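Read top to bottom, the protein sequences are chains X and H. When the letters of the first sequence are read in order and numbered with this note's numbering, they come out as residues 1185 to 1380. When the letters of the second sequence are read in order and numbered with this note's numbering, they come out as residues 13 to 601.
These are calculated hints, taken from the structure and not from any lab test. Bear in mind the structure is a predicted one, so any value in this text is a computation, not a measurement. Watch out, some of these pointers could steer you wrong.
Claimed, not checked - List of simulated lysine to any residue pairs, SDA-like, C-alpha gap at most 20 Å: (1) X/Lys1293 / H/Ala265; (2) X/Lys1300 / H/His284; (3) H/Lys224 / X/Arg1194; (4) H/Lys465 / H/Ser542; (5) X/Lys1300 / H/Ser542.
Said to hold, decoys possible - Residues from chain X shown here face chain H by an in silico Cβ test under 10 Å; the list is partial: (6) Met1185; (7) Glu1213; (8) Val1214; (9) Gly1218; (10) Ile1227; (11) Ala1231; (12) Val1261; (13) Ala1265; (14) Asp1303; (15) Pro1307; (16) Asn1310; (17) Leu1322; (18) Met1324.
Ideal Cβ placement from N, Cα and C applies to all residues, glycine included.
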Amino acid sequence: MEIPYTVELRRDTGLNNGKIGIWLFLASEVMLFGALFASYILIRTGADSWPRGDTILNVPLATFNTIVLISSSVTMVMAWASLMRHRFGTFRIYMGATILLGCVFLVVKYFEYSHKFHDHLFPSTNNFLALYFTLTGLHMLHVFGGMVVNAYFWGPGAKQWKTNPEWFTNRVEYSGLFWHFVDLVWIFLFPTLYLL
Amino acid sequence: MSDHAAVAGHKSHVAHEAHHHEELGFWRAYVFSTDHKVIGIQYAVTGLLFLLFGFSLMMLMRWQLAYPGAPLPLIGGLFGEARMPGGMMLPEFYNELGAMHGTIMVFLGVVPLAVGGFGNFVLPLQIGAPDMAFPRLNMASYWFFFLGGVTMLLSFFVPGGAAQSGWTSYAPLSIIAGTGQTMWLIGMIFLITSSLLGAINFITTTIQLRAKGLTFMRFPFFVWAQFVTAFLLLLAFPPLEAAGVMQLMDRVAGTSFFLPSGLVVSGQVLQHAGGGNPLLWQHLFWFLAHPEVYVLILPAMGIVAEIIANNTRKPLWGYRSMVYSLVFLGFMSFIVWAHHMFMTGMGTAMAAFFQTTTMIISIPSVVILTALIISLWGGSIRFNTPMLFATAFLPMFGIGGLTGLPLGLNVADIPLHDTYYVIAHFHYVVAPGTIFALFAGIYYWYPKATGRKMNETLGTIHFVGSFVCMNVVFMPMFLVGLAGVSRRLYDGGAAYDFAQPVLHWNVVSSWGAWIMALFQIPFIFNFFWSIRHGEKTADGNPWQATTIEWAAPSPPPHGNFLVEPQAYRGPYEYSVPGAAKDFVPQFEA
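Kindly generate the complete structure, drawing on both the sequences and the hints.
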């Protein structure tokens, strides 16, 4: 038994299953981060005083990380585009770069976190830090999740290129959509936490 | 599809099963199956077991409410000195039972059965699909649910016992509570993941895997109900996940998202940063939990609509207005949540907004219910077991819905808030409402899953007993609630003077619940006995139904249909004038 429309498009919807699936997933992710941002607003507006992000957090490091994530989104698109042009070798390079940039992001984040812990700044210290650690922590989990999926397509999952290249290309596209979403969340997080 | 062609010539199901068993071993076929029918049955059976378990917790509580402080006879000693010394229930254990009854019934019983069970089993068949769009995600969805259930069950055995802060887990009580609450949160995160995977699958399947010719306005009402429900699950659960993560942080990492400054616990100021907002939890919780109410009720409406159309042998009255109402209901359910929070001092402007939206959302519910009642008009109704439960759903849900209106109005809510009136109201919606619809669905689709009908006599006994007992349990609670007795009291109000005139109703409710348990025995027996001994369905369409699931053999083989089905007309072409028989199936050219 085969499930129809895994690769080919259904005529009346113009879509295949995976495309709908990933967008639905992203819709639910919007609700997840939407609720977190809403909580941020409620807690901040209810607070007696609120520190400016740049007095506690390291803005240059975060700016660097923003550039890293945006670049990784570009390499992600290039990885998918290479597959569309049937250049598997180029795909491997770009996908590898995407994963590496993800690693760079996490390493920088690790230094930021450990620096805070070293200064005895913990989630329990105040609600600004609580929100900082919770929001960036959840975001990091998303980055890590995206990297695992990308690593799968770079490594063992790439076998599918030989048997069903079209399907494989689609799956890389879905993974890319998720990756861009994670990037977008950071673009909101960065000013909210570090600059405002 | 070549698969289908290869087996299309064979008539017997045995050949199919053999064909199917060659491919998959026991574990892949029955345990880690990706077949939507197996997953549906796994969900349904697990859900039924949890319903029974949640009901048992309630029966224990009912002893304490009817006879406060009296040792529980016979089994009282089994719960240990920590929970029931000398058979007498401790308040902490009572609170555990209460919190877990709610959690289990909603998240592990009704929703898994209504959405995971019926949705998985029936929806792909009704739209003529070979399976769900993402079979492996579907399997993952069940196993996340299973993990969530196991976590919740294990929480009874951690020091301090299971969660005690009600199914709503209001902060700050839930944050200063014992380890059970952490388990509750972890369990909820598993359950939310499960429902997320399920919702994505349902929506994609409905949009993409419809049979040829099956346009949206040809969907059976059940498909529409599941489709809208999936959107509610997809979009309403993530905020609770966010809230769950924050509560977990409050409990584990010492943050203060939900803890205000200067909180005093047992006469001591709590050592924490403070600055948090307990109402934030309530907002995030009810942002999920109000749509969740519709997750509980919409699939039930879908099941009832199918059974009523089938047994009145008439098309549903007002199908289109029902569908539009359903979609509107789904949309509105996202903007009524704060009517659960009138007591928080939100101010008249906010209260006026939420009571207005609440009054508006009652309109589509009334449209659907009215359409279902008018559908009965002038039909020559067949009162088989599914139909008995389905018709009983109408007045029961009606009582539940109408008694909800005073709760939706700010002024009327203030005296009624958190009393037994509220308990009676939503139990009328969910217990004799939704659960009756689920029973109806089990009796109705049982022949689809097994090829045999359940026994009608046992079914009738199950129905009559449950119907009478349900009302004996819940009707008195309206009176107790109107007298002002709070729902959270460990002694059922015995310590209060004002409650004395209504206390005897507690005894009536309790006996109603225990006797109702006895009337579930014929159902349990029937459920297992009929697998082998039920009346066989000769042509695979025992109810002479029109919808596409009956185009597949009963039980359907792996891949469902022998020939790819096609929809030629709307779902309820019963008693068409001039037709040779009183039903014209959707799938027959």
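Tested hints:
Restraint check for X/Lys1293 and H/Ala265: satisfied, since their Cα atoms lie roughly 19 Å apart, inside the 20 Å limit. The straight-line distance between the Cα atoms of X/Lys1300 and H/His284 is roughly 19 Å, inside the 20 Å bound, and the hint therefore holds. Pair hint H/Lys224 plus X/Arg1194 holds up; C-alpha atoms about 11 Å apart against a cutoff of 20 Å. Under the criterion of a C-alpha separation no larger than 20 Å, the hint pairing H/Lys465 with H/Ser542 is consistent with the structure, at around 7 Å.
Distance restraint check for X/Lys1300 and H/Ser542: the Cα-Cα separation of roughly 65 Å exceeds the 20 Å cut-off, and the hinted pair is therefore not satisfied. For X/Met1185, the shortest C-beta to C-beta distance to chain H is roughly 4 Å, which falls under 10 Å, so the interface hint holds. Taking 10 Å as the C-beta contact cut-off toward chain H, the hint placing X/Glu1213 at the interface holds, the least distance being around 7 Å. Residue-level restraint check for X/Val1214 holds (minimum Cβ-Cβ distance to chain H is 8 Å; threshold 10 Å).
A hinted interface residue such as X/Gly1218 counts as satisfied when its beta carbon comes closer than 10 Å to some beta carbon of chain H; here the least separation is about 7 Å, so the hint holds. Taken as an interface hint, X/Ile1227 checks out: its beta carbon lies about 6 Å from the nearest beta carbon of chain H, inside 10 Å. Proximity of X/Ala1231 to chain H holds as hinted, the smallest CB-CB distance being about 5 Å (cut-off 10 Å). Annotation: interface hint on X/Val1261 violated; nearest CB of chain H at approximately 24 Å, more than 10 Å.
With its C-beta approaching chain H no nearer than about 26 Å, X/Ala1265 sits outside the 10 Å limit, and its interface hint is violated. A hinted interface residue such as X/Asp1303 counts as satisfied when its beta carbon comes closer than 10 Å to some beta carbon of chain H; here the least separation is about 16 Å, so the hint is violated. Of the supplied interface hints, the one on X/Pro1307 holds, with its beta-carbon coming within about 4 Å of a beta-carbon of chain H, less than 10 Å. Given hint, X/Asn1310 at the interface with chain H, holds; its Cβ is 5 Å from that chain's nearest Cβ, closer than 10 Å.
For X/Leu1322, the shortest C-beta to C-beta distance to chain H is roughly 7 Å, which falls under 10 Å, so the interface hint holds. Given the 10 Å rule on beta carbons, the hint for X/Met1324 is violated: about 13 Å separates it from the nearest Cβ of chain H.
Violated hints, listed in ascending order, are 5, 12, 13, 14, 18; each of the other numbered hints is respected by the structure.
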